[in-house]
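Enquirer: So the chains spell out like this:
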Amino acid sequence: MNLSRDFRDIGSGLVLCLVGVALLIHALTSYRMGTPANIGPGVWPATLGALLALMGLAIAAIGFFRSGQRVEVEWRSLIAILLALLAFGLLLRPAGLIPAIWALVAICALADKRLTLRAIVIASAILSVLVYVIFKLLLGINLPLFPWGM
Amino acid sequence: MELGLLDSIGLGLQSALSLQNLFYCFLGVSFGTLLGVIPGIGPIIAITLLFPITFHIEPTSALIMLAGIFYGANYGGSTASILLNLPGTPANAVTCIEGYQMSRKGRAGVALFMTAIASFIGASVGIILMMLFSNMIAKVALQFGAPEYFSLMLLGLFAASTMSAGDPLKGIAMIVVGAVIGTVGIDINSGAPRLAFGIYPLYDGISLIALSIGVFGIAEIVASIRPMQTEPPAAQKVTLRSMRPTGEDIRRSAAPVARGAAIGTFLGILPGTGATLAAFMSYAAERKATREPERFGNGAIEGIVGPETANNAADQAGFIPTMTLGIPGSATMAIMLGVLMIHGISPGPRLVVDEPELFWGLVMSFWVGNLMLLVLNIPFIGVWVRVLSIPYHYLFPAVLVFVCVGVVSLTLSSFPIWIVLACGVLGYAMRVFDYPPAPLLLGFVVGPMLEDQFRRSMVLSRGNMGLFIERPISASIIVIILAILGWTIFRSIRNARRAANATAA
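Those sequence lines, one after another, are chains E and R. If you read the first sequence in this note's numbering, its first letter stands for residue 43, the second for the next number, and so on. If you read the second sequence in this note's numbering, its first letter stands for residue -18, the second for the next number, and so on.
It is possible that some hints are incorrect.
Stated by the list, open to error - One-sided excerpt, in silico: chain E residues whose CB lies under 8 angstroms from chain R:
#	residue
1	L93
2	G98
3	S119
4	L181
What the hints contain is simulated information worked out from the structure, not anything from laboratory work. Note that the Cβ used here is the ideal one computed from N, Cα and C, for glycine as well.
With the hints as extra help, turn the sequences into a complete structure.
Expert: Here is the structure:
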């Protein structure tokens, strides 16, 4: 569906512009600029920030004069995957690799209803075995599999 | 030490044909095809996903395996295009047009077989070019200084963002964002931490693998879960016998293959243009060249073998600037470069000249790998097709598990997961707002290199920015950049005018 202006581009363009300006200011204030012959760590981030701000502004400006489409977001999928990754990341240290994998797969079910309890169990079991074989046995990665540090 | 061509080949074969390297080549090619067959997973995701496995093996073997994954994934993508009308990579979108039609007429086997042959021929042309010209290019490049490298990299970035499909402004914006992400970490020259905000793991910079898997892989999965909930069309059974092409098929394919090889190698070497453009141009060329235009859209073999030769030639030729100059022309090559650097290998003229065993071992392994693809994967088509029948709701958790475990295995900490998460959000946001991901990766890999070359140029010229125009090679490259810039602006204005006229009419 077409909108009168490309709000997608206006919004994202402005965000990029803001980020660019923020980066420019941060670089100018936090890092040394040095001399032209011996440029300091701040020159490159400042340049990038300025460039980004310019690009963002251009994108937003052009979007202002163009019609655009609605933004469509797969919220359910996005939140489910993010939660799944979060669970894995949080459980890895305290609980070990295998519980983290099971949690990851289980939360994936939030995204896709076809992932029934039976499917979760089967998938988690197969993946646990595969991960064990590939990473522990074949590659010798030293990650604890279980909370009791195997 | 000057190595003649034959000596180089001999040296390379010694390395490529070792039992260990043959094994890893096979592993790379097989896993690459396996992953490439899954819709949505192309060479970039395949390489990033399997990289943790290569991390622990010796550099030459790792390189050979990674290259195998690369063209294996491309081949797998063609298979999915022909059988399911689902392009594995953007370059395969063209293959879908005629390939799927052939499939529906029961000629999937022939299409697959001819694709394999065409791909092999395309790759061979690229490899031959690489063999003939690498030493020469490397010798010339050794005379390049920092200003030349700076201009060349700038050209590559610029060409990549403006010549690919889509809004060039957004392309440039993404290159800049990628470069910004590449700036995170301790600056080598001054020792100052940049954009780390006190978070210690960030001092080492952001992991290429985590970034890439987040922006490409996670974003792809999030976007695909709901659309994939409709049942995938059942793939045909393909028998070995059904693969035999007729004499007419072969006759029709000869010229398209030749044209495709030429188009592909030319576009592959240029920065910014790659397999996708080569495939589309080849298709367009075949449609123009044919005397039977009505065949197109209904399963014309010319429309498959031409583009497939072109995209393989382009992919293989893309290795030339990447390996001989150290300048990647596409996101896939950027990943290749990135993973090579993680392995401690610095592609460029120094590598070609100083480490011929590694370089030529790689080049010869290209032959081996492509031959393996041809010989092994044709009988194994049935196996790969079986993968396509696994429901997506089993596939995506599996991919996520391997992403997480893989990424964690590199540093033995859970910090990369947060990077993957953040980059996943970024990547999905980019999709939603229609920003291209490939330039982001290019900017991330090439950005820091660009800064380094700029700083060296400034030291060389003692602060004189005119240096880039004073040195002849650098100046000519800048002229090319300006020409591309001018053409892009012209093209945008012309498109905007057309759009305005269309809506006014």
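Enquirer: Does each hint fit the structure? Answer for all of them.
Expert: Comparing the hints with the structure gives:
Given the 8 angstroms rule on beta carbons, the hint for L93/E holds: about 5 angstroms separates it from the nearest Cβ of chain R. Against a cut-off of 8 angstroms between C-beta atoms, the interface hint on G98/E holds, since the closest Cβ of chain R lies about 7 angstroms away. Because the beta carbon of S119/E sits about 4 angstroms from the nearest beta carbon in chain R, less than 8 angstroms, this interface hint is met. Taking 8 angstroms as the C-beta contact cut-off toward chain R, the hint placing L181/E at the interface holds, the least distance being around 5 angstroms.
In summary, this structure violates none of the numbered hints.
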